[in-house]
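Student: Same order as they appear, the protein sequences are chains A and B. The letter at position 315 of the first sequence is residue 337 when you use this note's numbering, and the numbering goes up by one with no holes. The letter at position 78 of the second sequence is residue 339 when you use this note's numbering, and the numbering goes up by one with no holes.
Since the hints were derived computationally from the structure, they do not count as laboratory data. Hints may be right or wrong, so weigh each one.
Simulated restraints, written as ranges between beta carbons of each label pair [to be verified]:
# : chain 1 : residue 1 : chain 2 : residue 2 : range
1 : A       : LYS295    : B       : TRP380    : 17 to 25 Å
2 : B       : SER361    : A       : GLU217    : 24 to 32 Å
3 : B       : ASP348    : A       : VAL293    : 37 to 45 Å
4 : B       : GLY281    : A       : THR309    : 38 to 46 Å
Computed footprint of chain A on chain B; a stretch qualifies when at least three of its residues, placed anywhere within it, have a C-beta under 8 Å from a C-beta of chain A [what the hints assert, rightly or not]:
# : segment
5 : 290-300
6 : 340-349
7 : 366-376
Far from chain B by the CB rule (all over 10 Å, computed), these chain A residues [said to hold, decoys possible]:
#  : residue
8  : PHE78
9  : ILE172
10 : GLU217
11 : ASP243
12 : GLU326
13 : ASP331
14 : TYR343
15 : ASP350
16 : GLY353
17 : VAL354
18 : ASP364
19 : PRO378
20 : ASP380
21 : GLN383
The C-beta atom is built at its ideal place from N, Cα and C for all residues, glycine as well.
This is what each chain is made of:
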Amino acid sequence: MAVSVRAAATPLDVGRIRADFPILSRKVHGKPVAYLDNAATSQKPRQVIDAMSRVFEDHNANIHRGVYEFSETTTAEFEGAREKVARFLNAASAREIVFVRNATEGVNLVAYSWGRDNIKAGDRIVSTVLEHHSNFVPWQQLAKDVGAEIVMIDIDDDGRLRRDQFTAALKGGRVKFVAITYTSNGLGVVLPAKELVAEAKAAGATVLVDAAQAVPHQKVDVRDLGADFLVFSGHKMLAPPGSGAVWAPEATFERMRPFLYGGDMIMKVSVEKTTWNELPWKFEAGTSSYVDAIGLGAAVDYLEAVGMDKIHEHELFLTGYVLPRLEDVPGVTIYGPKTLDDRVGVVSFNVEGVHPHDVAQIFDREGVCVRAGHHCNQLLMAKLDVPATTRASFYLYNTTEECDRLIGAIQAAKKVFGV
Amino acid sequence: MDDMYRDYILDHYKNPRNSGDLPGATNTYHDTNPLCGDEITMALLIEDDKVKDVRFKGRGCAISQASASILTEEIKGKSLDEVKAIDRQHVLENLGIPISPARTKCALLGLKTVKGAAWGLSEWPGDANTAGIASGKE
Ligand SMILES: Cc1ncc(COP(=O)(O)O)c(C=O)c1O
């Protein structure tokens with residue numbers, strides 16, 4: 023989705039939003055916390071915390087099992103959360119939503135269940151240097167096991183995908199599968215996912231879109247996108263860790279074998295033979311993280327009430343605020359696009375003479391939380407030719423004051439290191 | 262926390278002692294710390310069971326590089342047995358700064374490479390965590 027917002031002001035009432043997040047009033051080392059590590063995980067609003075506490079305090083029971091009120095209420099909330107996620111993504115039905123613990127488990131579900139039956143020796147799998155390890159390593163290992171070949175697509179100097187390479191890879195033939203991220207967690211670049219999906223499908227490939235950094239930050243419409251699979255994690259979108267989903271059309275899920283075997287995912291078991299439960303439960307073996315899923319439902323409610331378009335605009339507003347200020351600091355190198363086109367609020371940078379981990383450590387003293395490291399993006403770090411970067415990433419509750427503190431913390435780090 | 266980047270730590274980081282190649286090195290060991298992307302290659306010249314000379318090359322965070330630099334000063338001239346006996350507690354105390362659990366691996370990478378070289382290893386046997394050298398996880 024191409025977005026070209028040039029907001030001079032935020033469309034959000036950030037003060038009101040912040041009041042919903044108890045953790046944001048905490049102090050760290052005597053300073054108010056400036057939480058700028060949202061690409062790693064997000065904080066949780068009272069509404070999500072309460073929805074989860076309510077289950078434990080009021081009607082906790084295992085789902086799909088009891089015929090008593092607690093179990094029925096919990097099951098209804100769990101399945102209600104699935105309906106909310108389906109609506110949020112504009113899926114055709116809740117049967118297209120399989121709950122998993124996180125995006126990583128979602129990718130592995132597809133790799134084990136679909137991949138092992140469909141990707142054969144000599145087939146090609148196309149992926150990109152922007153992938154998080156969770157959307158690369160499963161495919162790399164599958165390719166090794168079955169004798170398939172991985173074709174990697176590079177980025178240009180601005181961090182944008184090399185479309186020419188992508189097109190050439192598809193033209194090269196034998197491409198069975200394409201595993202691409204919607205949004206880079208390392209650089210904040212949003213890929214033209216819809217176009218890439220269409221191109222890949224026209225070439226006969228099956229496509230998985232890793233939307234772990236997209237679903238939390240912009241409106242994602244699975245029917246409009248047209249991919250075969252989409253995965254995301256709840257914890258990056260105000261929901262608890264342990265929640266997430268794989269989306270696929272029913273017909274695709276129907277043709278796939280289960281991923282994990284055990285309770286809840288079966289219809290009938292005899293010594294000779296087992297038949298599988300209906301969708302989506304066929305893919306949900308064992309007791310699910312049902313309270314986490316209910317938390318995800320509450321997070322979806324919260325995000326929808328605020329409005330995904332406004333959240334996206336707010337993040338671009340903050341990015342537009344921070345980029346020129348960062349560029350003005352001598353010795354700072356920014357990685358990724360310097361404009362607001364097709365990006366989200368993820369800003370990766372390095373300070374000359376100070377290792378990213380030392381930067382983050384000094385930031386901590388200032389109460390500023392950022393991520394330093396390779397961001398599970400070692401392919402990207404190799405491409406950028408750096409061992410690590412410092413990354414600030416924004417969400418709906420961040421403010422321009424926090425951006426100012428980020429810049430101030432860089433000055434503090436430079437002072438400590440005398441650079 | 263304020264004490265982490267003391268002057269002598271920054272000094273060792275910016276002006277590492279015993280840094281560079283060691284022609285004629287008898288034992289060399291290389292290792293990395295994936296958390297920070299730290300890298301250290303430790304080269305020892307061992308004669309008569311003594312560390313006659315030592316040099317290291319590396320890149321990474323201030324803690325990893327300063328710790329390695331400090332360690333090279335300490336082991337020069339020591340017997341192999343003495344070097345093999347240095348433990349993590351000693352290195353952390355010697356650094357003299359508070360090290361958070363997340364940064365322990367940085368602080369101990371130098372020790373790991375010194376041990377690897379002293380024992381004449383080419384690869385770390387088994388899991389460094391169980392060997393009591395490194396700790397902390399990404
Ligand atoms: C783009 C992207 N994909 C996948 C993941 C993996 O998410 P999780 O650790 O929740 O499985 C992340 C998380 O950092 C991510 O940013």
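Student: Give a verdict on every hint.
Tutor: Hints, one by one, checked against the model:
Under the hint 17 to 25 Å, the C-beta atoms of LYS295/A and TRP380/B, about 56 Å apart, miss the expected range. In this structure the hint that SER361/B and GLU217/A lie 24 to 32 Å apart at CB is violated, the actual value being about 45 Å. Checked against the hint of 37 to 45 Å, the pair ASP348/B and VAL293/A fails, with Cβ atoms roughly 56 Å apart. Separated by about 58 Å at the C-beta atoms, GLY281/B and THR309/A break the suggested range of 38 to 46 Å.
Using a Cβ-Cβ cut-off of 8 Å, 6 residues of the segment 290-300 of chain B lie near chain A, which meets the minimum of three, so the contact claim holds. For a cut-off of 8 Å, the count of residues in the segment 340-349 of chain B with a CB near a CB of chain A stands at 0, and the three-residue condition is violated. Given as covered by chain A, the segment 366-376 of chain B fails the check, having 1 residues with a CB less than 8 Å from a CB of that chain where 3 are the minimum. Consistency note on PHE78/A: stated as away from chain B, and its beta-carbon is indeed over 10 Å from all of that chain's, at 29 Å minimum.
No beta-carbon of chain B comes within 10 Å of the beta-carbon of ILE172/A; the shortest separation is about 22 Å. Non-interface call for GLU217/A relative to chain B: holds, since the shortest CB-CB distance, roughly 34 Å, exceeds 10 Å. Taking the minimum C-beta to C-beta distance to chain B, about 34 Å, the non-interface status of ASP243/A holds against the 10 Å cut. GLU326/A, annotated as away from the interface, keeps every beta carbon of chain B farther than 10 Å; the closest lies near 34 Å.
No beta-carbon of chain B is positioned within 10 Å of the beta-carbon of ASP331/A; the least distance is around 35 Å. Separation of TYR343/A from chain B is adequate, the least Cβ-Cβ distance of about 28 Å exceeding the 10 Å criterion. Non-interface status of ASP350/A relative to chain B is upheld: no Cβ of that chain comes within 10 Å, the nearest being about 24 Å off. Distance check on GLY353/A: its Cβ is at least 15 Å (rounded) from any Cβ of chain B, clearing the 10 Å threshold; non-interface status holds.
Distance to chain B confirms VAL354/A as a non-interface residue, since its nearest Cβ pair spans about 18 Å, more than 10 Å. The Cβ of ASP364/A sits about 28 Å from the closest Cβ of chain B, beyond the 10 Å cut-off, so the non-interface label holds. At the 10 Å boundary, the C-beta of PRO378/A falls inside the reach of chain B, the nearest C-beta of that chain being 8 Å off. Some Cβ of chain B comes within 10 Å of the Cβ of ASP380/A; the nearest lies about 5 Å off, and the non-interface call is violated.
A cut-off of 10 Å between C-beta atoms contradicts the statement that GLN383/A is not in contact with chain B; the least separation is 6 Å.
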